[in-house]
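Protein sequence lines, in the order shown, are assigned to chains A and B.
Oh and the first sequence: position 144 is 988 in my numbering, straight run, nothing missing.
Oh and the second sequence: position 104 is 106 in my numbering, straight run, nothing missing.
Hints listed in this document are in silico derivations from the structure and should not be mistaken for laboratory results.
Careful, some of the hints might be misleading.
[As the list claims (entries may be wrong)] In silico DSS-like links for lysine-lysine, alpha-carbon gap of 25 angstroms or less:
1) 1165(A) to 576(B)
2) 1165(A) to 547(B)
3) 167(B) to 190(B)
4) 565(B) to 1127(A)
5) 1165(A) to 551(B)
6) 1121(A) to 565(B)
7) 1119(A) to 567(B)
8) 190(B) to 1164(A)
9) 219(B) to 285(B)
10) 480(B) to 1119(A)
11) 912(A) to 947(A)
12) 1009(A) to 285(B)
13) 865(A) to 567(B)
14) 1056(A) to 551(B)
15) 1148(A) to 894(A)
16) 219(B) to 272(B)
17) 1043(A) to 428(B)
18) 1127(A) to 1158(A)
19) 285(B) to 1043(A)
20) 1121(A) to 571(B)
21) 1146(A) to 565(B)
22) 1165(A) to 577(B)
23) 567(B) to 1121(A)
24) 520(B) to 1184(A)
25) 1043(A) to 1076(A)
26) 576(B) to 1076(A)
27) 1184(A) to 565(B)
28) 1165(A) to 571(B)
29) 400(B) to 428(B)
30) 1127(A) to 513(B)
31) 190(B) to 285(B)
32) 1184(A) to 285(B)
33) 1146(A) to 1071(A)
34) 547(B) to 1184(A)
35) 518(B) to 971(A)
36) 547(B) to 428(B)
37) 1158(A) to 1184(A)
Here is how the chains run, residue by residue.
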Amino acid sequence: MSIYIHIPFCSSICTYCDFCKLLKNEKWINEYLDALTQEIQEKYNKEKVKTIYIGGGTPSSLSLENLKKLFNILKIFNLDNQCEITFETNSEDLTIEKINFLKKHINRLSIGIQTFDKNIIKTLNRKLNIDNVKLAFKNFDNINIDLMYGFQNQSIENLKQDLKKIIKLNPKHISAYCLILEPNTKLYIDNYNPVDDDKERQMYDLIVETLKENNYIQYELSNFSKKGYKSKHNLTYWNNNNYYGFGLGASGYINNVRYENTRSLNKYLKGNYIKEKHELSLKENVQNEFILGLRKLEGINKDKFYKKYKFNIKDIEPVKKLLSQNLLIENKENIYINPKYLYISNEILLNFI
Amino acid sequence: MKQENIRNFSIIAHIDHGKSTLADRILELTGAITEREKQDQLLDNMDIERERGITIKLNAARLNYNYKNQDYIMHLIDTPGHVDFSYEVSRSLAACEGAVLVVDAAQGIEAQTLANVYLALENDLTIIPVINKIDLPNADIPKVKKELVETLGFSENEIILTSAKTGEGVKELIEAIIERVPAPTGNKDDSLRALVFDSYFDSYKGVVALVRIKDGKLKLKDKIKFMATNATYEITELGFNNPKPQNTNILECGEVGYICASIKSISDIKVGDTITLENNPAKESLPGYKPMRPMVFCGLYPVETNKYPDLRDALEKLKLNDAALEFEPETSEALGFGFRCGFLGLLHMEIIEERLEREFNINHIATSPSVIYKITKTDNEVIYIDSPAKMPDRQKIKIIEEPYIKTNIYVPSEYIGSIMELCQNKRGTYISMEYLSQTRVNIHYELPLSEIVYNFFDKLKSSTKGYASFDYDLIGYKPSDLVKMDVLLNGEVVDALSLIVHKDFAYNRGKAIVYKLKEIIPRQLFEVPIQAVIGSKVIARTDIKAMRKNVLAKCYGGDITRKRKLLEKQKEGKKRMKMVGKVEVPSEAFLAVLNIDEEK
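One chain only, chain B, in its complex shape:
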């Protein structure tokens, strides 16, 4: 294909604004899929993605379109919508020349709309603004147009109106992409430079990398080199998704596709890396490779201790699809051998956990998430800790600092009060507020990241009936009056339940945690006291009463078979329990701190 007839674009949007549905319509209209193959949200491969209606992993599809008697190929690169995955968004944008910005006709601009626009601008992309869901009864097209013009500086005649549901406006959009998005600019005669913008593990092919050819071309059997790691391989398979995988012998300058090269070692491939040819290497790698930094950490432990190697294998495989995931071995007195894992955010953590359960069938326990604290010791040594267990003695600490963020909270103005109340309760400092329109505002607060990790999203949603959207930037470390709080079960410290908390909040949180644990931990044969302590000072206590009843009632003649089944079922339930000292603790107890309500 001639380079000038190639168009590479992404669709960017706030979560739920109809990005994946619009992608499906484009696939349909370009004939990439037939009516019969239609399965909602084709580009979302993972079950979790379809169920939750979110896109986590990137995906790239090639489309063919004839416009004004010219054949075009277009590569559509899907992007995740959640703030946790903005690194993936920026990688996929780096593979494109254009971005379709989708805004919901009823919701208007939201936090991630803006975040995504900034990412697209950073990557120098041509942006095509689209107002989607115009078929909705509560669509307010003039209002959203005004937001796009006033907030983001588009001109009104650039805006395309679509309904991904009915298909209206989609053809016009495709043609606008051809008209407005520039063709790839790379030089086909230069030495090869291909950007790796995603990778995943396929149990048959090994590592598969998604690439965009920036300069030169890539052929089957070429010997390639990854410029960041210097690893070399021979290309065993080349292809593109149409949207099903199709083999090809060559990927040319400007094209997007996948490569396989019998890559077994997961550490050899890094998203953002540049591929070149071993015998004709490019002088410089493409800009853009920066390692992602996890912001949220937690311990992951197998429920059954002998599953530790399985957990390690699973994490290694997940890491392959998910460069942002980090993990290192960790030991807990209560939980045994496990891993300290780092995630981009809470959603990322939830998704990894869910995939461990579903794809690898590993029953595991997650401990409360933590951020990275910066501690200056009395001898002026500075250390960073990602776990309460690594906290030095109180006497040895001079200053504790914690990461702070600055928020963009987009919300209808009637909720300003609730947002301010929420942020104050989360130790926030008010910075400023902008009116996007007469009824919508963007509120800026400075907040400790640890408070975001700790049930902020749920509170935000519940205090604004789901209308608020939220995004943040890290702004650095600030000193805080923090203490380590331990939880004792039956008189013994359970290290996996320890957490770092602000002194002013310790009492309420301690109380909430012990009551939550009382709710979660079933009654045992004996009474179990639960205490929250700071140092040696007990700040909250409650008791789990001894079990009063667990008995097979009537047991005559034929009942024995049924009774056995009942016992077997109970036994199955015990598998989710971890013995901590003499106490059986359900795995969800270790995340109790996330789900507590201090106002209770």
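In isolation and in its complexed conformation, chain A is listed as follows:
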């Protein structure tokens, strides 16, 4: 079983972010952690936990005291020996005190850097403390760095600089995402202009190429790792497996039901956690299997598919058609997207909708 825990609080709000987030406030954090405890106790069924991901918001923005409280809550879980525990951070929070504390409780650190360009950082309303980042690298082995590309007027040269700096840090894992303008974000309202499709693709290809040259393995559309350092937690999602989502706005997938928690702090504090529940039909389940599974470069395992659904993946009409068109490729174990078409994978996925 995998567990996602959402900490919605942030010290400042990034201009592109449309996740569930709140400016932090000590009183709320206290009440929130209490409600979180309640929610976990109500839903969690003592399953063995193989991965935990603490995301946000900005979990690292919590004070040391609140962090202690948070990790006390995690004692409820029945952890597997090898349990991967990831914690999301921003560089400005990575003080020696917090690093020393986190070291005792987690084994994977994710640092949101996004870019090293000072002007872009300012536009995004973010901060970067490079000394803290270096300190983190001295203390953790398994680190993910988030990289973002596709900023307004960003040049290929600019992206090359970002890549160079990240590679120099030598993280075990890199997530690279194109900036997306979401409605109700400051950038969107300000009529920010992201790069066009051709430029974006050029950037994506550059990232894939550069990281490959530097011994990173691309295992998902936007995720790259050194050998043996794939994100086990995120693979849970992409393998369409079950996970609990706890916290404000979190979502989970348990016993064939996908649920989403409320984004209203008030409701959450009152114990009305769930906003929506939806039991999946077989068709929806299989569709999700493709939407998620084909994000992985290795694709979907044919045997596992059969064990899960009791029919052959190759009996599905669109699969036959897409294989014949060479849009999907088959090897001994798996069916996967022809890498040429990975960045236009929606065109392939639409065949399943």
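On the provided structure of chain A, position chain B as indicated by the hints.
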């Protein structure tokens, strides 16, 4: 009602001169509607009419008015203002003895003002000239009066000034109608002759026909006969619009109303036909029935091929309300089964398309409009074709002729230059020009109809800041140096995109079309070449580059639900696409030729 106390009249005007608003004021003042029921432009029933501010279909309302202690009933028959619908205007005028000619106090006489006056004169109507919108700050009443007197020969004291907006002058107008428009002249004791001037389909009542009793009378349960088709029916409902439908037992000589007779077969009723009684038939039918000839043709195809029967049903129902619409089955290699449809003009075509979408919810594809070409083959056989697909081999053609029109273009004189430039670019031949006043002219050109069909209106509007008005008459066929141009997508001819074009224009048009298609057709998984060819000669080419990005970005935990919605939305967008060979083509691509700009 005594026949001498009946008045039947139409309001005629150039589009936008305030005809429908004036009709509303008349309805209000005669108490046909109360303030509470007021909904702007009551006689315009269709949503499209209200939204576009145009009248397409006729409508007839009965009004009651007491004048000098006498009760009168008046029938107001609304008319469309657009040149495409002049047949409907002439039918409605045939049901009247008088016409109110509305001219905008700021705009003055326009192309359709004149066209409508001629129609009214042909029908021997008494015309009451009205200058409307006198409340406008830029109204120039003396100038418009002068135009009416000098161009149309009215005397100044005949002219009534109104503001449909404020209601000023409307009472005076109503009384002028009673004073000046003659009472109906028919003989109430003769055998029945009723003119059908419109019909529409009502899903409860079946076919409803609007009629004017010219002679005799019509009662409930009468057995009637349509004289053109010989079909017979029993009257199941009689009534008039006040303006809401009101049943009655009898329509008397001179009156206007509607009839229902369980008429299910749409082909049995023809606008312009005469109704008489089966057991006491009139000897002669009323003059005036002539079938309308469509001038513009295009293919209509369902986007989803299984909707073909729905499209046929919809066209049949529309035809009921719209006698001018013609259609016959047609097959396209690219688009499958569809219909070749004939329309009175471009606006008519647009309206039918819009009604298909709105009233029948049918996603369809329209191909580029075409006119009827006359082809003399080398063996001297003469054929008429309404579609590029029917064009014979070039070797077998001796002469191609195309329909020509003569224009009336009314425009402020400062735009004479722009109009001439436009008409020259459209292969026009200058005929003459008349000054209506010192600042306004009527320009006559001879132009191929196909050039009118092809973005003429838009150009006219844009090159005269919307000041020009335009009307035309068909003058017959003339030989032209025309060729068929095909468009290839991904190396394959798309028959639905073929068009007939003048040789001198082929290169520019071909170039414009391929670039327009490049704009409209989204990128595909692979690169798609677009070519315009004449015979086997490529005259223009461009490529649609392969798609570079269409991907769900971040996809963690809860995102799957949102991502699914995104994909579902994309899927919905694909429904507007037609697979042509391996290429997904949006339906609007088939009309690309209409919206191209060759100067680019």
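Against the structure, the hints come out as follows:
1. 1165(A) to 576(B): 18 angstroms, holds
2. 1165(A) to 547(B): Holds - the C-alpha atoms of residue 547(B) and residue 1165(A) are around 24 angstroms apart, at most 25 angstroms.
3. 167(B) to 190(B): 39 angstroms, violated
4. 565(B) to 1127(A): 16 angstroms, holds
5. 1165(A) to 551(B): OK: residue 1165(A) and residue 551(B) at ~22 angstroms, within 25 angstroms.
6. 1121(A) to 565(B): Within the cut-off at roughly 16 angstroms; holds.
7. 1119(A) to 567(B): 17 angstroms, holds
8. 190(B) to 1164(A): 78 angstroms, violated
9. 219(B) to 285(B): Holds, at about 16 angstroms.
10. 480(B) to 1119(A): Between residue 480(B) and residue 1119(A) the Cα gap is close to 72 angstroms, so the pair fails against 25 angstroms, i.e. violated.
11. 912(A) to 947(A): Satisfied, since the Cα-Cα distance of roughly 12 angstroms is no more than 25 angstroms.
12. 1009(A) to 285(B): 100 angstroms, violated
13. 865(A) to 567(B): This hinted pair holds, its Cα atoms lying about 22 angstroms apart.
14. 1056(A) to 551(B): 21 angstroms, holds
15. 1148(A) to 894(A): Satisfied, since the Cα-Cα distance of roughly 19 angstroms is no more than 25 angstroms.
16. 219(B) to 272(B): 20 angstroms, holds
17. 1043(A) to 428(B): 41 angstroms, violated
18. 1127(A) to 1158(A): Answer holds: residue 1127(A) to residue 1158(A) is near 15 angstroms, not above 25 angstroms.
19. 285(B) to 1043(A): Violated, at about 80 angstroms.
20. 1121(A) to 571(B): Distance of about 21 angstroms is within 25 angstroms: holds.
21. 1146(A) to 565(B): 24 angstroms, holds
22. 1165(A) to 577(B): 19 angstroms, holds
23. 567(B) to 1121(A): Measuring from Cα to Cα gives roughly 16 angstroms; hence the hint holds.
24. 520(B) to 1184(A): 23 angstroms, holds
25. 1043(A) to 1076(A): With a Cα-Cα distance of about 31 angstroms, the restraint between residue 1043(A) and residue 1076(A) is violated, given a limit of 25 angstroms.
26. 576(B) to 1076(A): 36 angstroms, violated
27. 1184(A) to 565(B): The given pair, whose Cα atoms are some 22 angstroms apart, holds under the 25 angstroms limit.
28. 1165(A) to 571(B): 22 angstroms, holds
29. 400(B) to 428(B): 24 angstroms, holds
30. 1127(A) to 513(B): Cα-Cα ~47 angstroms, so violated.
31. 190(B) to 285(B): 15 angstroms, holds
32. 1184(A) to 285(B): Roughly 80 angstroms separates the two Cα atoms, so the pair is violated.
33. 1146(A) to 1071(A): 24 angstroms, holds
34. 547(B) to 1184(A): Holds, at about 15 angstroms.
35. 518(B) to 971(A): 46 angstroms, violated
36. 547(B) to 428(B): 33 angstroms, violated
37. 1158(A) to 1184(A): 21 angstroms, holds
The earlier numbered hints that this structure contradicts are 3, 8, 10, 12, 17, 19, 25, 26, 30, 32, 35, 36.
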